[in-house]
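Engineer: Chains A and B, in that order, are what the protein sequence lines are. Numbered according to the numbering used here, the first sequence spans residues 1 to 210. Numbered according to the numbering used here, the second sequence spans residues 1 to 210.
Just so you know, these hints were derived from the structure itself, not from any lab. Every clue listed holds true.
Distance condition first, Cα-Cα at most 25 Å in a straight line; then the derived PhoX-like pairs of lysine-lysine: (1) B:Lys130 - B:Lys36; (2) A:Lys121 - B:Lys144; (3) B:Lys150 - A:Lys130; (4) A:Lys129 - B:Lys187; (5) B:Lys150 - A:Lys129; (6) B:Lys129 - A:Lys144; (7) B:Lys144 - A:Lys130; (8) A:Lys144 - B:Lys144.
Protein chains: 2
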Amino acid sequence: MMKLYDCTTAPSPRRTRIFLAEKGIEYENIQIDLTKGEQMSDAYRRINPGCTVPSLVTDDGVTLTENAGISAYLEALYPEPSLLGTTPMEKAAIAAWNWRCEMGGLMSVAEALRNSSPAMKDRALPGPKKIPQIPALAERGLMKLGWFFKTIDRQLSSNPYIAGDTYSVADITATIVVDFARWVKVKPEEDQTALLEWYGRMRERPSFKA
Amino acid sequence: MMKLYDCTTAPSPRRTRIFLAEKGIEYENIQIDLTKGEQMSDAYRRINPGCTVPSLVTDDGVTLTENAGISAYLEALYPEPSLLGTTPMEKAAIAAWNWRCEMGGLMSVAEALRNSSPAMKDRALPGPKKIPQIPALAERGLMKLGWFFKTIDRQLSSNPYIAGDTYSVADITATIVVDFARWVKVKPEEDQTALLEWYGRMRERPSFKA
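My request is simple: use the sequences and hints to build the entire structure.
Structural biologist: Structure below.
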């Protein structure tokens, strides 16, 4: 059985958990408590020297440490239900929208949080290195996050899902963005009705609580 | 025939050109001169409102504007030679390494360049919006770029290609990083011999001059 090194409260491993839940894949869950710095321990460094979660250990004993790689692996091994698309155009739309959700959404929240939170002083980037915060980048992150919500609200006003007609990994990433944004006190605007309606549907999926 | 809106001197559309060349796909090339601001013109905004290159217009008339989407589309339509991997583990390694090359490599150079170059004053992010530069982010970008070269030198000291045994899209992205890094006066160190040897092989591929 695959093993997931996870931290229930963190956004990145939640992407993996929702992906696994949507595919219906069973796995062993091992918690790494980021609030106690367990990701920096010697024991965890031997599993993932980058000191990040998630780490997914496959049945062959290979450790995968990036959501990009984990999604590609799981989609290839368990093609149904597809989360990365089946036709060339579906694959294109899903990869492009997932990228936008990562760059415009996740990265924006991470910039805003890591460069402003007192708890993340000198931890402005993930991993073991000491990195000082840049307050101006926190502000830029908040601005980009506002644009991102506008972009997906517009997209969702004419599409049921982020990348078009079907649920995909882009919906997973965008769901994480909406929830993660609360960490920097940002929510979709009340007039972003397409985004809010979509988020309501995402909350009702069993995978939401994965 | 597909149409590529391109700018020969810019790094992002060069990723697309090398991808197309490695697949042996013919296309019509239309130059958008970024030095003249042609990407902001009304004519180009009608093709890509995001005002970025590349834009690939497919035979069906659909415009794809992100390398992530363009690669997924072309790989699905023209599977040979594969650039995104064939086995689940190859796909995982290539997607993870391509992500590292994008985040640790391309983004680091972009942060360093866009937040320091006098020519990019108020254009610290791609697209039509005015964004002030953050000098501290330029410095952080240079630091991350140094780490990235160390990471791929280590990877290449035990693998012939960035993601393992075969040439892939990760080699394309990393090639662009090495060339783009010159814009911020950064080169691999002389003792990064695995990286330098790999780059020499990349330069000899016909696609290098695509």
